[in-house]
Amino acid sequence: MPICERCSQGGYECFGYDHNNPSGSSWRKPLYSDSHGAKPFDSISDVSLSNSGREVENGLVEAQSSVVSATSAQTKKLIIQMLQLIRLSTNKDSFENSDNYSPINLQPMGSTRTPISLAHLGGDASIYDTFPPTRPKTHTSGSDFDSPLSIVDTGVLHHIFYTNQLSVPLAHIPRSLPSPSDIQEAIKYVRLHIERMLGITYFKPPQAHIDTFLRKILSRIWTCNFARKARLLDAKVTLSIFQGSDNLYYHNLANSIKQFEQEVQARLNESLTSYEIQERLTDLLEMLFLKGAIHDAPTTYRIFCHMAPSFFKMVYSDRTLQPAQNSSFLASVAHVLASSRHGTAHFMLMDIMGSMIYGLPQLAAYDTNTELFHAEPHPVEWINCFPGEFQILLAKINACRDQEEAGKGWQSVEQRLLSWTPRPQFQPQGLESWKSVTWLAVQETWRQTLLMYLYLAVCGVPTDDPRIQSALRQLFQLMRVIRRQDPPVANVHFFAQCLIAGICSLTEIRRKLVRERLSCAAETRFWMFRGPEIVPVLEHLWLGAALGGGAVTWNDYIYSRCTVLPL
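Residue 202 in the numbering used here is what sits at position 208 of the sequence shown, and the numbering runs on without skipping anything.
The set of hints was computed from the structure by calculation and includes no laboratory data.
Please note that the accuracy of each hint is not assured.
Stated by the list, open to error - Taking lysine-lysine and the DSBU-like style, the derived pairs with C-alpha atoms no more than 30 angstroms apart in a straight line are: (1) Lys198 to Lys429; (2) Lys307 to Lys210; (3) Lys210 to Lys506; (4) Lys210 to Lys198; (5) Lys252 to Lys307; (6) Lys429 to Lys506; (7) Lys402 to Lys429.
Since the model is a prediction, treat every value here as computed from it, not as a measurement.
My request is simple: use the sequences and hints to build the entire structure.
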């Protein structure tokens, strides 16, 4: 089996060419960190981002000059804006201490490597790479909590839930979960968990959205034992991932989720109000997302299919999730994104994205003709920086791909993608200037990705088609200047963009970029779909139909996916 040169010289087990291992389990492995601070390296332009301010400036000038090859004026403008902001905020001292500019951080051969744990996330993390060695055990200490609740009033609830410190060290989170019957301690524990997750979010939502979300969570866990158990289970699974113990306690976590599901199902068998039915179905959907965090892709997909009836029940029993005059009971993408129920939107996004990633039909049929009408972005939009318009178009592309007359109606989708402009009112407020531009740039990566997917999967053209290569070039230019942060888990979710880019890349240097980005277990650990499981599929494609930089079709990718990652 071929292995890469870096792994061979460094004495590491190579996963980059392990296309014969369909399990895709390498994402469970921890990472190493370079304690000496390896310098970033840009593999696209071979610009050395060293401590020299002059070299940085030269690299930015060279990068900016490469933008002229982009055919999209919008892409060109975004890249130039980002590079100008980076130049303004970059000096010798700041670049010496910054390890998050380059898309890839390569480690010099022979340097000393010290292990890190995801438990360090939220603090000053070290440089990360994509090698998966052994993670040390993490020890956490107890927490000094706020004074116990005496009465439930506005002031006390604000004290419990609202804090300016969003990055909560793991040591401040108790090792043992409070009992669901201990409402006060459960609230405090969940608050710390939510704050920690907000602390590793690349685009933090506006404070008003955070307040609304916290009030809703508070209401549920204060009044409902099922909701408390669900939130505590969520915190338990997430904390085990941070500590690197999710693999060790896999069976314990799976059994806890299974036991809770049985309790919810038993409750659903009783006579309930329509409101409580919706609440218990929400609990079941939340367990689906937790299972996806601990299981591999084939297992998660089977569970996902098994949970589809719960999604349908929620849609059919809630007319607010359906368009007016909906005789076929289709789930409306626009209405789902306008709903306060997060579980249905999360399920819908998993469905339409999974259909693209795995090449399988969507489990649900969606109404994609109703125009969006929600006044503020839904959490699934800002977490993934995936505008609702693109979610509608992705569902349309999937449907066009799977219809009997393949390719019918694709021109209208193409026109909407080409003419798309971002909604300024949906941009998060209070972001740094460079991050505001990044918000727009990430949305532009989705536009280019969907264009490539449309041409490839619906029009049936090969990957060397000029339209695909033009969009691919712009996608790499955008990804090149979108900063990667420490901790790596806090970076933008780029699974779909990297996958489509990997399928369409004809050169080894671009494939290397995709491989290293998707193989970074720490970075992809909290993505809706994790990267290391799909890397063997791309390797199979690259070493098969795409060998030597050959062009491939969508069917070639599906063959590789079915061979390496059967579902």
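Going down the list of hints, with the structure as the test:
1. Lys198 to Lys429: holds (11 angstroms)
2. Lys307 to Lys210: holds (22 angstroms)
3. Lys210 to Lys506: violated (44 angstroms)
4. Lys210 to Lys198: Roughly 18 angstroms between the alpha carbons, so the hint for Lys210 and Lys198 holds.
5. Lys252 to Lys307: It holds: about 20 angstroms lies between the C-alpha atoms, which stays within 30 angstroms.
6. Lys429 to Lys506: Answer holds: Lys429 to Lys506 is near 26 angstroms, not above 30 angstroms.
7. Lys402 to Lys429: It is violated: about 39 angstroms lies between the C-alpha atoms, which goes past 30 angstroms.
Checked against the numbered hints given earlier, this structure breaks hints 3, 7; the rest are met.
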